[in-house]
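One line per chain: the protein sequences are A and B, in this order.
Just so you know, we're using my numbering here: the first sequence kicks off at 220 and counts up by one.
Just so you know, we're using my numbering here: the second sequence kicks off at 1458 and counts up by one.
No lab work stands behind these hints: they were computed from the structure.
Just so you know, not all the hints are guaranteed correct.
Here's a subset of chain B near chain A, in silico, CB distances under 8 angstroms, partners left out [unchecked claim]:
{"#": "1", "residue": "Gly1470"}
{"#": "2", "residue": "Ala1478"}
{"#": "3", "residue": "Arg1486"}
{"#": "4", "residue": "Ala1488"}
{"#": "5", "residue": "Glu1490"}
{"#": "6", "residue": "Asn1492"}
{"#": "7", "residue": "Pro1497"}
{"#": "8", "residue": "Lys1498"}
{"#": "9", "residue": "Glu1502"}
{"#": "10", "residue": "Val1505"}
{"#": "11", "residue": "Gly1509"}
{"#": "12", "residue": "Val1514"}
{"#": "13", "residue": "Val1515"}
{"#": "14", "residue": "Phe1517"}
{"#": "15", "residue": "Val1518"}
{"#": "16", "residue": "Gly1519"}
Note that the Cβ used here is the ideal one computed from N, Cα and C, for glycine as well.
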Amino acid sequence: MMPTKEAWMQALEQRHGKDNQCKFSSATVAICGLGGLGSNIAIALARAGVGKLILIDFDKVDITNLHRQQYKATQIGMNKSEALQENLMEIAPYISIEPHTLCVTQENAKGLLEEADVICEAFDQPEAKAMLTNLVLEKMPEKYLIAASGMAGMGSANTIKTRRILKRFYLCGDGESEVAEAGSLVAPRVMLCAAHQAHMVLRILAEELEP
Amino acid sequence: MVKINGQELPVAGKTISEYLAQTTYHPQRIAIERNGEIVPKAEYESIVLEDGDSVEVVSFVGGG
């Protein structure tokens, strides 16, 4: 049976403290890319009761995604933004979700991301990562941006880190493990990096700005 | 000397584009901060690195 909104909120406050929960619940976070990073970030933030998630990905769920991304075999062929919305609604029925099936470009980024307090870069292509990072830092200096680079391969879990590069720009990952070279991308290492990103989001919302 | 990604390099007087040209960085995969500020891509050709600058080139790798 679905809990009431009051019961759900009470449970969150019990676990996170009333002050933190108030900050989480009133925040909007945009997640750009809903693959191994983005789908895992979204689940962590939905569980934390972040008030609104803007979910952006142009792609559909593919069978090759299931080894690390938070989709189900029954969702193959669905738009990722809508499949993820469906999954998040089962976990956190009272958060607000704005799904978009499109590519983030220089032209549409500002409108898409305007409402977000924090933006997560969760793309897989390095050119797309750099494009979004430059765009947000140059054109939207008031936003917090948490990007990721380096989570491929079978390297140690302990090399995944969060660094604060600029006042409002954080970078998670080991900085060097590239999928093309490492030849693999495994769920736990990608989830670690996603967890770093999601945790940094919550820390920023809780006004803890150091990694 | 200019500190780039923690290393002191003798590149003062060069523009950012000139510095990048002597490296293996892929220009479409990077973001650059200099002295705590983002360097807009459009200014790579005009910004001249100065003695004492602190620069970080963030070079993104694939996977996500």
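Evaluated hints:
| no. | hint | in the structure |
| --- | --- | --- |
| 1 | Gly1470 | 25 angstroms, violated |
| 2 | Ala1478 | 18 angstroms, violated |
| 3 | Arg1486 | 4 angstroms, holds |
| 4 | Ala1488 | 4 angstroms, holds |
| 5 | Glu1490 | 5 angstroms, holds |
| 6 | Asn1492 | 10 angstroms, violated |
| 7 | Pro1497 | 5 angstroms, holds |
| 8 | Lys1498 | 6 angstroms, holds |
| 9 | Glu1502 | 15 angstroms, violated |
| 10 | Val1505 | 19 angstroms, violated |
| 11 | Gly1509 | 19 angstroms, violated |
| 12 | Val1514 | 11 angstroms, violated |
| 13 | Val1515 | 6 angstroms, holds |
| 14 | Phe1517 | 4 angstroms, holds |
| 15 | Val1518 | 4 angstroms, holds |
| 16 | Gly1519 | 5 angstroms, holds |
Hints 1, 2, 6, 9, 10, 11 and 12, counting from the list given before, are not met by this structure.
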